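Participant: Chains as they are written, first to last, in the working numbering: chain A, 1 to 170; chain B, 1 to 598.
The set of hints was computed from the structure by calculation and includes no laboratory data.
On a predicted model such as this, the values are computed, not experimentally measured, just so you know.
Glycine residues also receive a C-beta, built at the ideal position from the N, C-alpha and C atoms.
Fair warning: there could be bad hints in the mix.
Unchecked claim - Covered by chain B, per the in silico footprint, the following chain A stretches (three or more residues, Cβ under 8 Å): (1) 14 to 23; (2) 28 to 34; (3) 41 to 49; (4) 144 to 158.
Unchecked claim - Chain B is faced by these chain A residues, among others (derived, beta-carbon under 7 Å): (5) Gly11; (6) Thr120; (7) Trp165; (8) Asn169.
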Amino acid sequence: MIVVDISRCTGCRRCETACAFYHTGKTHRNLSRIKVMNIYDKGVDSPVVCLQCEERFCAQCPADAIRMGDHGEVLVSPTLCVECGACERNCPVGAVELFEDIPFVCDLCGGKPRCIEACTQGALSYEPGKQVSLKDRKKETDGMKPSEKRYHHVSMEGGKLRQRWRVEND
Amino acid sequence: MIEHGYGGRILYVDLTEREFQIKPLKKGWIKNVIGGRAANTKRLLEELDTSCDPLGPENMLIFGVGPLTGSILPASAYYTISARSPLTGILGDSAAGGQFGARMKSTGFDQIIITGRGDPMLYLLVTDSGVRFVQCPELEGKNILETTEKIRKNNRDHSIEVAAIGVAGEREVPFACVVSSGNRVNGRTGMGAVMGSKNLKALAVAGNRPVTLHDPLAFSEEVKNIEYKIKVNPEYDKRHRLGTTMLMKDLNGIGILPTNHFRKGVCDYVDDISGEILADRYKVKNKSCYNCSVHCSRYYICQGTESEGPEFETLCSFTSRIGVNDLEFALDMNYQLNQTGLDSISTGEVIGWLMECQERELIKPEDVDGLNLGWGDKEKVRELVHMIAHREGIGKELAQGATKFSEKFGEEAQKLVMQVKGLDIICGDPRGIKAYGLTYAVSSRGADHLRAEPYFELTEQYDIAEKRFGTPKAADRLSEEGKAELVTYSEKIALLTDSLTICKNIGLCMDVINFENSARLLYYGTGIEYNPDELETLLGESVKRDLVLNEKFGIKTEDTLPDRFTKEPLKEGPTKGSVVNIEKMVEEYRRLHDLRNV
Numbered sequence: 001m002i003v004v005d006i007s008r009c010t011g012c013r014r015c016e017t018a019c020a021f022y023h024t025g026k027t028h029r030n031l032s033r034i035k036v037m038n039i040y041d042k043g044v045d046s047p048v049v050c051l052q053c054e055e056r057f058c059a060q061c062p063a064d065a066i067r068m069g070d071h072g073e074v075l076v077s078p079t080l081c082v083e084c085g086a087c088e089r090n091c092p093v094g095a096v097e098l099f100e101d102i103p104f105v106c107d108l109c110g111g112k113p114r115c116i117e118a119c120t121q122g123a124l125s126y127e128p129g130k131q132v133s134l135k136d137r138k139k140e141t142d143g144m145k146p147s148e149k150r151y152h153h154v155s156m157e158g159g160k161l162r163q164r165w166r167v168e169n170d
Numbered sequence: 001m002i003e004h005g006y007g008g009r010i011l012y013v014d015l016t017e018r019e020f021q022i023k024p025l026k027k028g029w030i031k032n033v034i035g036g037r038a039a040n041t042k043r044l045l046e047e048l049d050t051s052c053d054p055l056g057p058e059n060m061l062i063f064g065v066g067p068l069t070g071s072i073l074p075a076s077a078y079y080t081i082s083a084r085s086p087l088t089g090i091l092g093d094s095a096a097g098g099q100f101g102a103r104m105k106s107t108g109f110d111q112i113i114i115t116g117r118g119d120p121m122l123y124l125l126v127t128d129s130g131v132r133f134v135q136c137p138e139l140e141g142k143n144i145l146e147t148t149e150k151i152r153k154n155n156r157d158h159s160i161e162v163a164a165i166g167v168a169g170e171r172e173v174p175f176a177c178v179v180s181s182g183n184r185v186n187g188r189t190g191m192g193a194v195m196g197s198k199n200l201k202a203l204a205v206a207g208n209r210p211v212t213l214h215d216p217l218a219f220s221e222e223v224k225n226i227e228y229k230i231k232v233n234p235e236y237d238k239r240h241r242l243g244t245t246m247l248m249k250d251l252n253g254i255g256i257l258p259t260n261h262f263r264k265g266v267c268d269y270v271d272d273i274s275g276e277i278l279a280d281r282y283k284v285k286n287k288s289c290y291n292c293s294v295h296c297s298r299y300y301i302c303q304g305t306e307s308e309g310p311e312f313e314t315l316c317s318f319t320s321r322i323g324v325n326d327l328e329f330a331l332d333m334n335y336q337l338n339q340t341g342l343d344s345i346s347t348g349e350v351i352g353w354l355m356e357c358q359e360r361e362l363i364k365p366e367d368v369d370g371l372n373l374g375w376g377d378k379e380k381v382r383e384l385v386h387m388i389a390h391r392e393g394i395g396k397e398l399a400q401g402a403t404k405f406s407e408k409f410g411e412e413a414q415k416l417v418m419q420v421k422g423l424d425i426i427c428g429d430p431r432g433i434k435a436y437g438l439t440y441a442v443s444s445r446g447a448d449h450l451r452a453e454p455y456f457e458l459t460e461q462y463d464i465a466e467k468r469f470g471t472p473k474a475a476d477r478l479s480e481e482g483k484a485e486l487v488t489y490s491e492k493i494a495l496l497t498d499s500l501t502i503c504k505n506i507g508l509c510m511d512v513i514n515f516e517n518s519a520r521l522l523y524y525g526t527g528i529e530y531n532p533d534e535l536e537t538l539l540g541e542s543v544k545r546d547l548v549l550n551e552k553f554g555i556k557t558e559d560t561l562p563d564r565f566t567k568e569p570l571k572e573g574p575t576k577g578s579v580v581n582i583e584k585m586v587e588e589y590r591r592l593h594d595l596r597n598v
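So here's chain B without its partners, still in its complex pose (with noise of 0.2 Å):
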């Protein structure tokens, strides 16, 4: 029995059926997995038949919290949520911020699975008491605010918070998102569809369960700690002002910004577009997620248009990405995926491929439409992005992604695509960040750099380098030296904020959590005592699990990155003359891991 912490509660969910059922969560099943990203894998690795269609009722649709979900721990605002990815095929999750998952968290549920399907349109009001199951077939085609709204009204409480899906969503495209707190995404590898494919148009929760501890005081002395450590870093000031957008000018200055689809890493235009002009003229307010103390989120009004956000990766796929040089369409844009529930990413990416094909006549407007896209098209984009949500005219086409879509044609054409796994590159040239670049290569959901975030090599922090790593080089962005041990350490520590369900600009970049004060917290938050090495060699054998799962899959992608980054060097700028030796790198990260016969 688990007193303290956790729900201890699992809800599953037979949407076809109309039913429900409570199980009690066993401390054994879940001392090893913690919480949250790690627990949803084990639960799908264990229940899931791994044959089912991503798209069919059997896929089991999983929204995860954690131990400290909802507690004092500054930004224990993060809920993750799995399936089996209709975009890749294998693992597919994605975590989020904003409210949703501390109020998750008081229904006393730490995992909510959801399988069958609705008919008609369904949404999920959760409580502590149960389920109700409310069909809602006027909210079709609402945007994600409409939605948020209209369940808080109709229920009369507006202490409800909802993860809703878009038109994009409904419609099934694998790269949908589920939206939560209005402007809170969980955006990649298409959760969005698989809700959609469940006719489930919205998870509403509100409940009356308090987060108990097992030793507040103890608990809230660690907290201390933390809340220090996050005010005196460095980067306080900066990521108040600017959040993820500092990036912009930031990988800018190495020469790592993604501009006209990775053909360059310098782009000229980097002050029109920056997250400083958007913070001087454009944001009213900062926003944050729960309980944090950097609020890095902001609200803007421009023109004709407002919303929470940008994060950087919308702000960079719609500017620098695809060649465009205006800030105020970004916004736009920003607002148009949120809202229809499109990831801006695999979006980004299958409109900047696109204009890269067309530019080298790999594909002629006859192929897709009389479309002729050049970089910088904002008109042509507005439209397509319309389209790709609704899956009409060529945007139907578009909507597979941009590795499904690259089939139709040569094989030049498929290698221009920005992916790995089946999902597209984030907005970071690996060119320049080598660590990233092994992550991207490794990550088990497909190129992505959520999985360890290894921000520390761009820290210049060569002596704790040499001490953590073994070679000062782990600091230095452009050498592939000890960066597999850096991937290794930090996809552990990434893994431990998703089980923690914390930031990770702020566990992670911001340094503040290891296996040390986290073992701490996490016995004075639920009895359960973990020793810094065990949890260590637990988080270990996590990252594992996703591979083992993969397998089940069936996986046939290799861990390796797109040519363009491990055979073209960057013309200019501060990477200029680097490549990804990324073979290098995988293999070392493979001995670290004793995979070589995985």
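For reference, chain A alone in the conformation it holds in the complex (with noise of 0.2 Å):
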């Protein structure tokens, strides 16, 4: 999976800019496969991206459309694909949103990150194999829209590291 450090994290977004131009030559979030959460009045920035949760939330297919690939990454059948939103439903951090009826979900590029390349502060790295449960988050975040989950996730993360950051300082 890929793993992020929070305390690196700056809310450039050039993970999220080199993600969309990688997959489409374009530029938006809508198109990126890893998405920036930036909280103002936190001080904390975060990618959100794939988990590669032991639960495989998104795999609760009702069209049979999703697999894992070799390195554990999520592939979406284009043409058994409904479009029915299950797996934005899904997933407990807002990693997997549709754009244009179309689900975007991490595919690590063929186990070539282009998010990792691009971000100059060492925030990402790529540890195949990792593995983490995504049971309880799944719980807090039921209900909520992609964007509110993804905020949901940074801010519990974020706290932990506003924790340090007080000990650091004081």
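These two chains come separately, so use the hints to put the complex back together.
Facilitator: Structure (structure tokens):
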């Protein structure tokens, strides 16, 4: 999975821009499979990207359009997908989001993620095989929209970072 | 029809009638102004009734982005707000970075033009499909961060970016600013007051339109070259660590750090208020504008306060410029100024000027509500800033700005205001940076460095100076020679960065943009062909368009500097003995611009 070091993120969106441009030749956060959240009143910034969670909530696809690739990445079949939005609803962190009826989710660029190359802060790294559980997060974010889930996820991760800041600066 | 780069549409909003209209952006219209600041000026020149009251409903508040805003071009983050300035009565505009510009671009509107007055207080939510007028009396008095978070939460969309005003804008303080991304400030010339006069609390943007390019592959090759130039720039590490706060020690080192209201250029306690100490003691992380690889901003935490920033101008304005030897005070003031929405330069000037006038007994306590303000009087400054933002007590008088307020007093006090054309001078003593002095004098929005940012004069690159500007002295900061040529060149590059909407620290100071690569970027981006000479010519024409607009506004002020800089030499340090021969440089500048008849 792609691992985020939230303490290094400056909120610049270079990962987001690089992802969208690599996949589509255009730029827009909706075209990116990694999306940055800036929480201005907390000083916290972080990209949110598929965590390849143990539970694979997105794979509960009614059209059976989602399978896992060799690197654990989420692959969506454009022919089977019926644009129902179940994957978007099921993802606990807002890492899957439909745009113009296509689910956008990290495909690891076939094993060479462009977002990691674009990050000049070293906030992103690739750790093959690493997995996390999002069972608790799932309960917290049920019913939220994707950007609300990302906000919640980054708030929670950012909370830990802010505690560290307080300790270091006091 | 424009297919790439530009959004291709202009949005007109009438707050009084709560109506909006969408018009196409015409290729013939935009080609000669590219985008951003120059396009805003052209719009004002063509469509604004220049006899308007700056704080009246008819003044046009224009938010403008450019063809490459929000693209893969590094730091293509900027947007410019333009209107007739309530502070100066002439052209007002101010740019900011952060995330707002790229998000505004996604609405598909290259300009958002706002007139009228909302009743009750409104905010606008602009998406690619149009405009929502949202009544928000509950946001009155709320600071920028509260406003931003509330708008995001209420709309259940945390991808919305917000440009808002604080209480200073609501109360029409003529140097109130607009703030986006929480702490990114369109600081100068009072655009926040214009917004406040329209009873518009915020402009919120969130669109679904991607930025498309005419030739994405060629564009990305060009971008790779620019990325490389940034990475290998000798200043990269320093800028990454300190950002503009590096200027505290840099300017002090050459004897031009404004201290006690420009009485001195060397500050004895600079080590206590420097960017270095800020980075070591209070900074917890870097912050960045959209798609930038320098990440020059910072987030800090110190007792009782935390925020993004401060930039150099705020740091200097609330330390050495007013005689304060306390970094934590400046960090608190940075938060207060940004969140109430006051321009730190103009606020710092009215306070510094009052300190000097009181020391010289030109203004007595009884003239200013019993106030007796001495150098470095922190607690009083803290109170005054609050009173200025809220227009309370003596703050109401100071909130007119130093130039206007000084008219109540004698000529001597008036002459002590460090301003040109009614806009307060930035933190950089022109006696030791002559091209900057010329820039302050001729800048079309009043005393300001960003119209040219002739950073080159500090580089000591004498060979290049001779080649580019005809004399090695163009790279000698203390010389007046070659400076008109340098400013004439730099102001075109500065305008180019404002049109491509990239950061000036990168585009200009790090020297990554020129007419050649910009012509290519514009072609690969938009499909509109430019050759470098043509680009230079049309930028020169745009520089002059500002002056035509100012004529229409009935400009009465001169291109000059306050007497302090032209007559009083600094008494110590590396700039000791120097004054600015401004007349000579201005004359030369006007000759180069063929301005005898303007």
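Participant: Of the hints given before, which are not true for this structure?
Facilitator: When the structure is compared with the hints, none of them turns out to be violated.
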